[in-house]
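K.L.:
Residue strings, one per chain:
Number of protein chains: 2
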Amino acid sequence: MGRVYNFSAGPAMLPVEVLEEAQADMLDYKGSGQSVMEMSHRSKIFDNIIKEAEADFRKLVGVPDNYSVLFLQGGGSQQFAAVPLNLYKNRKAGYINTGNWANKARQEAARFGNAVELASSKDKNYTYIPDCSDLPITDDMDYVYICQNNTIYGTRYPELPNTKGRELVSDVSSMFLSEPLDVTKYGVVYGGVQKNVGPAGVVIDVIRKDLIRDDVCPETPTMLKWKTQDDKDSLYNTPNCWGIYICGLVFKWLLKQGGLGAMKERNEHKAAILYDYLDQSKLFHPTVQPPYRSLMNVPFVTGDKEMDAKFVAEAAEHGLVNVKGHRTVGGMRASIYNAMPEEGVKALVEFMDKFEKENA
Amino acid sequence: MGRVYNFSAGPAMLPVEVLEEAQADMLDYKGSGQSVMEMSHRSKIFDNIIKEAEADFRKLVGVPDNYSVLFLQGGGSQQFAAVPLNLYKNRKAGYINTGNWANKARQEAARFGNAVELASSKDKNYTYIPDCSDLPITDDMDYVYICQNNTIYGTRYPELPNTKGRELVSDVSSMFLSEPLDVTKYGVVYGGVQKNVGPAGVVIDVIRKDLIRDDVCPETPTMLKWKTQDDKDSLYNTPNCWGIYICGLVFKWLLKQGGLGAMKERNEHKAAILYDYLDQSKLFHPTVQPPYRSLMNVPFVTGDKEMDAKFVAEAAEHGLVNVKGHRTVGGMRASIYNAMPEEGVKALVEFMDKFEKENA
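Respectively, the protein sequence lines represent chains A and S. So for the first sequence, the numbering used here puts the first residue at 4; every next one is plus one. So for the second sequence, the numbering used here puts the first residue at 4; every next one is plus one.
Just so you know, not all the hints are guaranteed correct.
Same chains, same label: a pair holds when it works inside one copy or across any pair of copies.
With a straight-line Cα cutoff of 30 Å, these simulated DSSO-like cross-link-like pairs (lysine-lysine) come out [what the hints assert, rightly or not]:
| hint | residue 1 | residue 2 |
| --- | --- | --- |
| 1 | 313 | 259 |
| 2 | 47 | 33 |
| 3 | 92 | 228 |
| 4 | 267 | 230 |
| 5 | 360 | 33 |
| 6 | 235 | 125 |
| 7 | 228 | 349 |
| 8 | 228 | 107 |
| 9 | 167 | 308 |
Hints were generated in silico from the structure; no laboratory data involved.
Produce the complete structure using the sequences and hints provided.
P.N.:
Quick look at the structure:
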């Protein structure tokens, strides 16, 4: 059926131009006679790839010199352990529970210290972001942790929490590079790339340099210690070279699109097309209230499981794939990341409209 | 200059047929309308990819049902921590020091318990494998650990050590799938794939199921606990999907070549071409004695640093790249993994012969 519009929550669509470039260079990258998959990570040519990827990322985001950028393995789930192991001094931190991933991060931190739940939106199945203006944060907390965009529930922090002077740590996986990111507001901000940035198997950490310490928790495995990789510019051992290469191509694509400001405009426009339709639909209902809506992950339901299933199946037949919602929310979810073109969102809305009329 | 012969120690050459298939399917894998890099790891289509990769690997190696096969991230370096954290009961293990990687593995294990050096070949710069027939192994050791092929020094165990009933754990990264592997002789055998099997960012662990425990060391991060991934068939979180896909293509290629027995024959033949030349050369000298020679990594020196550098530079000009040796050995190293064709080895030997005559 040709290329589909893939609404997967991740891994998800990549820009066609990026795929085409990777395809063209597959057996012979820039006249090197090698695939990027075959290159020594210690070679000059790969060193150029990773250095250029980092430089383009820094340019795109505007990362100040006092922050390190690390390309790591193991995904967000591994950072759930790395964050407390690297940041704990008092072995105490505050976590805001806005869903599955924030909660898993807290549970992992609780294995190594006191990870306090500061607030939660569990009472309404995580359909909103709690008020974070005056949380019970204490001076002995080493950091405050958030998951800034919640892939499963389709919520996004309308503003950053008041951390009362504690370091802010944020998992931005499902909104990574979808809008401008003011790194200076965070001690650590990280994201798995497999939603908005690249193929699975790379997580990018942006860490203020003074938080990269040698005196981490003694039980920290060498590979989870940020200093290990920071000292070696992400080349302590062989990294996911191919993944970093593809991320680098995506960074160049984003720069060509006009950068993160332009992406935000485009993403707001795309999201509005879908939310506007949902807000007037009599069949489909969005699950999240306007102030907390994600620009990236849009869950919606009909309230009728059989109707949901029928919609998901028929959508797939029309080349609109992976719109099934997460089991904890039910219904549907359309993830409309950077690489999802406006035409894809329009095609989805047109199909929903047609389906609504047919099933009125 | 077209495709080069790449003698890198890893990442290294991949079969051209594999690269061509990945290239052809880059924007539309088997009519799915998606790149493998864009697929949800929870989708039916990716599930087929990982299941087929595991089934082909099991067939290729002959992995018995009482062993699990896990596709993990973080490379061998992360397994250096995972091995003791998952296997320690008495927090004591024996390590045989045959070079850099074996030693790094022991140092990491020593951070979590008593990792005893049972034998070492450091006295002769790791150019041989110690006698392992009667090592000072005690009953309270949880396992005995080896690095079975030493990438840097070009040595390989001529036979497995007598572990006196203790579990054998082996890192086979740089000989992975280059010859038959009798999994039943090991408790755990693992390898980073980036030398002989696939692109960097995947490590494959083969673990006897009774060694996959819930009562691991309490400080084990969830992502380093083998049971976490074993319970979810390597899909606890998003894996390196692309890397697993390429490994799967390599497994199919290896099966088509006749399997690991056929690969061993081919690799012995390739290695003999190079060692036979080295053993009669007056300019180039192999650094490892015959009983301990690796089939995969062949270090050699002229004894003259300037001559070495001249050779490395001229070889590269002739499309024979990455023959520079590791700094701890000096000279040259030719890594001749599965995907290095016989023609590549012959081209190297012809060039060496010509160089020797010109520089006599």
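K.L.:
Decide, hint by hint, whether the structure agrees.
P.N.:
Against the structure, the hints:
no., hint, verdict
1, 313 - 259, "neither (39 Å within a copy, 43 Å between copies)"
2, 47 - 33, "within (13 Å within a copy, 35 Å between copies)"
3, 92 - 228, "both (14 Å within a copy, 24 Å between copies)"
4, 267 - 230, "neither (33 Å within a copy, 41 Å between copies)"
5, 360 - 33, "neither (52 Å within a copy, 34 Å between copies)"
6, 235 - 125, "between (41 Å within a copy, 26 Å between copies)"
7, 228 - 349, "neither (45 Å within a copy, 44 Å between copies)"
8, 228 - 107, "both (20 Å within a copy, 15 Å between copies)"
9, 167 - 308, "neither (44 Å within a copy, 60 Å between copies)"
Checked against the numbered hints given earlier, the structure breaks hints 1, 4, 5, 7, 9 and satisfies all the rest.
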